[in-house]
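J.: Keeping their order, the protein sequence lines are chains C and L.
Per our numbering: the first sequence = residues 1 to 160.
Per our numbering: the second sequence = residues 1001 to 1202.
Calculated from the structure, these hints are not laboratory results.
One or more of the hints may lead you astray.
[What the hints assert, rightly or not] Straight-line C-alpha distance at most 20 Å; calculated DMTMM-like pairs for lysine to aspartate or glutamate:
no., chain 1, residue 1, chain 2, residue 2
1, C, K140, L, E1047
2, L, K1166, C, E55
3, L, K1194, C, E55
4, L, K1183, L, E1165
5, L, K1181, C, D52
6, C, K56, L, E1047
7, C, K145, C, D58
8, C, K59, L, E1165
9, L, K1177, C, E55
10, C, K145, L, E1165
11, C, K145, L, D1034
12, L, K1040, C, D52
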Amino acid sequence: MSKFKKKKSGDLPAISTASLPDIVFMLLFFFMVATVMRQNTLMVENKLPFADQVEKLDKKDLIMYIYAGKPSPRYQSKYGTEARIQLNDKFASVEEVQQFIYSERESKREELIPYLTTALKVDEETNMGLVSDIKQELRKAEALKINYTTVVGDAMQNVE
Amino acid sequence: MAKRSAPEVNAGSMADIAFLLLIFFLVTTTIETDSGISRKLPQWQPEDVEPPVIKQRNIFTVLVNSNNQLLVEDEEMELSELREAAVEFLDNGAGTGDEACSFCQGAKDPNSSVNPQKAIISLVNNRGTEYGTYIAVQNELVAAYNQLRDREAQRMYGMTFTQMEKNYNDPNYNGDKDALKEKIDVITDMIPQKLSEAEPTS
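With the hints as extra help, turn the sequences into a complete structure.
T.: Pasting the structure below:
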């Protein structure tokens, strides 16, 4: 009689997968929290300039976004390389800015309208001509509160 | 000799580890918020309105050409020197009598501004100027105003203007917000941001 129990056959026991759901949920939660929903698909290049005297833009629902810059590479064959304005999901001309502001206002509650801010997300290589045109249109539409969206950093990097 | 079977790993604590990680990420992740330089555009005006007359000494002209070069008060300048020059202009305080500036520490140059309330910075850019340069110039000018405001706020209330604004916008700040607002208003009245932008030259 052997003192030792007879060993079972040599194959490894199955790894418990009971914790797999936990891992998956953890990942899910992490991405849920860390993801910022982008309302618009960008069709223009959008490398924002640097600045350090900035204010934070809270209250996302009170902001209207206007993008401008060179069309992204895949749109360049169709729209060229001249800087353009993007409103919502499509390219727009300067004249359409006013209409865009009015329709954005329409969709907001009346008491919130005075607090609406226009965020200009403009690529740093864009010429000021286009930006000034947008600003003139905003003045005509009486959307006077604007914010030049920037990346926090030393402004000297813009000039290099 | 027979092969020894590996003992089964206890997976009961796996969930705890997962939750620990989850909570760690929850706490450390911040959702990105946009930030930028806020400006207020002037009202749209019909073109036949005469602009008010302002003395030349109270205007600080900054010109940016299409090659992104700066011309400040008719002299070429590097961007890195702009902040210093703007502070010097705003802080000059050459005024006398009604226009005297009680807190200015500048050189009192008779050809420069009388006091910060009267001083206007005029920014003219070309249609070909790059947006990045324009933002850098704006940033330097705002920085000049903030530097002066910080100095005065520090002198009068022992706290920088930037800190005061930060506290004011902080929902968790448990000091007296109304008093803080008053202080902020005093400083902004003393040193108002008068930054005028002309139509770009083409």
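J.: Each hint: holds or not?
T.: Hint by hint, here is what the structure shows:
1. Between C:K140 and L:E1047, the direct Cα distance comes to roughly 13 Å. Compliance with the 20 Å bound is thereby established for this hinted pair.
2. Pair hint L:K1166 plus C:E55 holds up; C-alpha atoms about 9 Å apart against a cutoff of 20 Å.
3. With a CA separation close to 18 Å, the supplied pair L:K1194 and C:E55 stays within the 20 Å bound.
4. A threshold of 20 Å between alpha carbons decides the hint, and for L:K1183 with L:E1165 the separation of about 10 Å falls inside it, so the pair holds.
5. Distance check on the hinted pair: L:K1181 and C:D52 sit about 23 Å apart at the alpha-carbon level, beyond 20 Å; violated.
6. Annotation: proposed proximity of C:K56 to L:E1047 is violated, straight-line Cα distance about 35 Å (limit 20 Å).
7. Restraint check for C:K145 and C:D58: the C-alpha separation of about 14 Å stays at or below 20 Å, so the hint holds.
8. The straight-line distance between the Cα atoms of C:K59 and L:E1165 is roughly 18 Å, inside the 20 Å bound, and the hint therefore holds.
9. Only pairs whose Cα atoms come within 20 Å are accepted, and L:K1177 paired with C:E55 is accepted, the gap being roughly 19 Å.
10. Distance hint between C:K145 and L:E1165 is fulfilled; the C-alpha atoms sit about 19 Å from each other, no more than 20 Å.
11. Distance check on the hinted pair: C:K145 and L:D1034 sit about 15 Å apart at the alpha-carbon level, within 20 Å; holds.
12. Our distance criterion of 20 Å between C-alpha atoms is met by L:K1040 and C:D52, whose separation comes to about 18 Å.
The structure is inconsistent with the numbered hints 5, 6, although it conforms to all the rest.
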